[in-house]
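2 protein chains.
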Amino acid sequence: MKILDCTLRDGGYYTNWDFNRALVDTYIKACNDLPVDYLEVGYRSIPLEGYYGEYFYLPLYVMQRLKSQTTKKLVVILNEKDIRPEHVYDLLTPCVGLIDMVRLAIDPEQFGRALALAEAVKIMGFEVGFNVMYMSTWKNQKNFLELLPKVQGLADYFYMVDSYGGVYPEDVKETIQLVKSYIPAVPLGFHGHNNMELALVNTLVAIEEGCEIVDATITGMGRGAGNVKTELLFTALNAKGKLEVDFNPLSKLVDSFTSLQKSYEWGTNLPYMVSGAHSLPQKDVMDWVGKRFYSFNSIIRALQNQAKGVKDNKSLDTVRFNNISYPVLLIGGGPTVIQHLESIINLLYTNKDIVIVFASSKHAKLFTTVQNKQYFCLVGNEGHRMEDIFDGDFIVNPICILPPYPRLMGTYIPGNVGNNAFELQEYNFTELKIDSHTSIALQVIKEMKPTNVFVAGYDGYKEGLIDQKAQELLVENNQLFDDFIQNENIRFESLFDTVYKIPQISIYSIIK
Amino acid sequence: MKILDCTLRDGGYYTNWDFNRALVDTYIKACNDLPVDYLEVGYRSIPLEGYYGEYFYLPLYVMQRLKSQTTKKLVVILNEKDIRPEHVYDLLTPCVGLIDMVRLAIDPEQFGRALALAEAVKIMGFEVGFNVMYMSTWKNQKNFLELLPKVQGLADYFYMVDSYGGVYPEDVKETIQLVKSYIPAVPLGFHGHNNMELALVNTLVAIEEGCEIVDATITGMGRGAGNVKTELLFTALNAKGKLEVDFNPLSKLVDSFTSLQKSYEWGTNLPYMVSGAHSLPQKDVMDWVGKRFYSFNSIIRALQNQAKGVKDNKSLDTVRFNNISYPVLLIGGGPTVIQHLESIINLLYTNKDIVIVFASSKHAKLFTTVQNKQYFCLVGNEGHRMEDIFDGDFIVNPICILPPYPRLMGTYIPGNVGNNAFELQEYNFTELKIDSHTSIALQVIKEMKPTNVFVAGYDGYKEGLIDQKAQELLVENNQLFDDFIQNENIRFESLFDTVYKIPQISIYSIIK
Chain A
1 MKILDCTLRD
11 GGYYTNWDFN
21 RALVDTYIKA
31 CNDLPVDYLE
41 VGYRSIPLEG
51 YYGEYFYLPL
61 YVMQRLKSQT
71 TKKLVVILNE
81 KDIRPEHVYD
91 LLTPCVGLID
101 MVRLAIDPEQ
111 FGRALALAEA
121 VKIMGFEVGF
131 NVMYMSTWKN
141 QKNFLELLPK
151 VQGLADYFYM
161 VDSYGGVYPE
171 DVKETIQLVK
181 SYIPAVPLGF
191 HGHNNMELAL
201 VNTLVAIEEG
211 CEIVDATITG
221 MGRGAGNVKT
231 ELLFTALNAK
241 GKLEVDFNPL
251 SKLVDSFTSL
261 QKSYEWGTNL
271 PYMVSGAHSL
281 PQKDVMDWVG
291 KRFYSFNSII
301 RALQNQAKGV
311 KDNKSLDTVR
321 FNNISYPVLL
331 IGGGPTVIQH
341 LESIINLLYT
351 NKDIVIVFAS
361 SKHAKLFTTV
371 QNKQYFCLVG
381 NEGHRMEDIF
391 DGDFIVNPIC
401 ILPPYPRLMG
411 TYIPGNVGNN
421 AFELQEYNFT
431 ELKIDSHTSI
441 ALQVIKEMKP
451 TNVFVAGYDG
461 YKEGLIDQKA
471 QELLVENNQL
481 FDDFIQNENI
491 RFESLFDTVY
501 KIPQISIYSI
511 IK
Chain B
1 MKILDCTLRD
11 GGYYTNWDFN
21 RALVDTYIKA
31 CNDLPVDYLE
41 VGYRSIPLEG
51 YYGEYFYLPL
61 YVMQRLKSQT
71 TKKLVVILNE
81 KDIRPEHVYD
91 LLTPCVGLID
101 MVRLAIDPEQ
111 FGRALALAEA
121 VKIMGFEVGF
131 NVMYMSTWKN
141 QKNFLELLPK
151 VQGLADYFYM
161 VDSYGGVYPE
171 DVKETIQLVK
181 SYIPAVPLGF
191 HGHNNMELAL
201 VNTLVAIEEG
211 CEIVDATITG
221 MGRGAGNVKT
231 ELLFTALNAK
241 GKLEVDFNPL
251 SKLVDSFTSL
261 QKSYEWGTNL
271 PYMVSGAHSL
281 PQKDVMDWVG
291 KRFYSFNSII
301 RALQNQAKGV
311 KDNKSLDTVR
321 FNNISYPVLL
331 IGGGPTVIQH
341 LESIINLLYT
351 NKDIVIVFAS
361 SKHAKLFTTV
371 QNKQYFCLVG
381 NEGHRMEDIF
391 DGDFIVNPIC
401 ILPPYPRLMG
411 TYIPGNVGNN
421 AFELQEYNFT
431 ELKIDSHTSI
441 ALQVIKEMKP
451 TNVFVAGYDG
461 YKEGLIDQKA
471 QELLVENNQL
481 FDDFIQNENI
491 RFESLFDTVY
501 KIPQISIYSI
511 IK
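Residue numbers (the working numbering), protein chains in the order written: chain A, 1 to 512; chain B, 1 to 512.
To be clear, the hints were calculated from the coordinates, so they are not data collected in a lab. Some clues are possibly wrong.
Note that identical chains are pooled: a pair holds if it fits in a single copy or bridges any two copies.
Derived pair list, reagent style PhoX-like, types lysine-lysine, alpha-carbon separation capped at 25 angstroms [to be verified]: (1) K242 to K173; (2) K283 to K240; (3) K139 to K242; (4) K67 to K142; (5) K240 to K308; (6) K352 to K142; (7) K173 to K240; (8) K252 to K314; (9) K139 to K240; (10) K262 to K252; (11) K2 to K352; (12) K365 to K72; (13) K173 to K139; (14) K308 to K72; (15) K173 to K365.
All of these numbers come straight from a predicted model, not from anything done at the bench.
Build the full structure now, drawing on both the sequences and the hints.
As structure tokens, then:
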């Protein structure tokens, strides 16, 4: 039985395939003293749009460096969806003499195309691994199953990939029997995911049932909920007397990745559990978990909709705003709203025509005494949050605006809002068609055509640690503001200091 | 099949059974909308030495408050080792009408004594749950097994507890068959731990094999590696169509505990995996993981020693210091050593007789050019760390001092140190007999009898977040310094600002 560690390859989903050099050196060096047979160190790929890091393209000098450091067999993987047989010669020539095995990540629906790719790889002299995804769906894929015998003589390993992380030990057994009935002599492999914390038990069952190779990653680092943890698999096999393990290099290595885990937070959580249990793609969940305004709650709701094939709970009326001849005050969730509350309240008391648009309802309860018209942008979990914030003690006529239909993240409207909830027709001030607090707020403002817009509480993150998620949101919001200001002929000013590229004035210069 | 959530009871191992009131309110309220049948909210206990919080003693007003909020059955647990039948009347009278079930945490070796306790509880009208620990050892415990039939008529539930978190699904099946062969009519329960990420699969197997009740905790919060996660069990059963779950209250609840998890970090890790795989107590690991100077590496080593019954790898010579008539410079790992390096080097260059004691080897490489005699305190993983720091480039004659024999955390001595490694005879300047950098350093200093001690790099944690572990270390070190200064007639001065209660002078006042 062989073990393939694919920490850099599968972990790259979290770091966009960039890793600190010292960490990679530690990893390669430690693996020399550990009972792994293969190290999958990344992808090779034709140029794709968008940024992907060092270990997605694996330039020659990186492969050379890794080869010079390791005593193990090295592996790269190709994404079958992007790579055609005609790319193979250029893509893999630099790998000759450095890389031992080339794996192919394959959608079973494209299995015919994948066979041609595998042949092109095999001809160049590499060991070939078939990594076929979505194993939970195979038994209903007759076309794919009938093509299986063609891998004989071509595949050094044929992997079953539990892409959703939702299979149980009995499913692993059943799939192995199914595959063996078509290709009894091809060595099998298993690549598990840990959404349901079943990756270890599934991997052990795969070994018992005759798989000759299994994948694992240090600390389970890998797409979505991640993989079976190499250290857990080692510990289990070692305690059963089946594997010699030196825990010294292992625990040093685990220590190195543990700090990275605290910043990227891979591993399972409730949304990944639900996606695993219902065989829903990890990719969506990974995007959603990355957005701080999608609570687990709203993600679960979206996943349940996907599982049931429901597009959304219900469609609402759209709203038509009269062109208002007043200013809008756009209020975000930043702390300046609290610091300068008195000035904002004063502005609203003395200008009762100003229309308030709450991008976030965070500070809304502070404004229950003002008589200005109030709009709330209900994206993701904001309806529940709004309800919690007001805690039954509602303002008189809140008007709630939801993203355009269909809404992935559900349609929750707080009880007291009643009929005052509407949805947008579309976003047409930007190419960035995403549901977010700021998208809704700016679309509402565009349609209102106010005389001008004041902004409060869009501070950015000036203090403390700013994490990856916050940075991405910052960039996204800034893009939205920029698109709005470029395209719409509406004056736009922040009343307080802000890190966003919005013109600034001082609230104290405009209140009486 | 019934579900018992014991988040507050088992999670209390991390918070010492104190929980923020708002969190408990959220928990109780959310559980009203979730398919749990019982909530175990804590212990009841006679007064024990040491501090244990609100949910360890559960005073009457707390039980009344919980009862007024919940629609579920409430449960408390008694630690059989602390409680005798004669305590029961006083201990449980306040529970009448508030608590539905009383569980007993039982060591199978004390099963006879536990039966008497159970009778005293049963007489008072409570449902009685037997929670019998160490299920992995039962098949060899004939005395215990022969007493089993006596629980008939006494136990409402008889629980198998996987105390070590090391059982596999097949062990669960086997133990259930074993127990059923003695008490076929008693409803069985299962309480799993998650060291090997097998808690879910074990719990599902327990249900399949006929257990009528299973335990779970939100986010798995519980002793050591924790329990099966309530949200994971719900998701699995819900996806199988066996349980209706409202994911709204569930995900809100999970969100609340997730932030607490980030601060206490319950869940499995390499040391818990090893302790689970080898059926070693979680309690030791939990203590060790709490100390920041015990790396996973040294904990694993200690666990391997325990598993093999090895007390320590080897015993060293003890060292006899001549009374030195020079000062000692005690160097810790704080940043002032780097900030003020020039002054320290100057002090050592101009006073070559000063003996350096490195409590931490963190900064030792900065001192390779000085000719002063250098001692290193090798506790836990420090030998490996020292080796990493010097990276082959060793100073000439480092002398390493290890804790007294036997050493729980192993005896690793860097290669180049050769025979210059010794162990202490004992700690005799303090009642706090613990292995730590500071303990060793102070014991060495006591035995050297220097003219006086200068301290550098014992800064405390002035900047940034200071976590629970760091605070405990701070308190512990301060206690050590205090014991030393009170009992030993040696002048002791920090050369830099420090949060420890050590007399301070300035290095700049003593260098030329």
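Hints that the structure is at odds with (numbers, increasing): 4, 6, 11, 12, 14, 15
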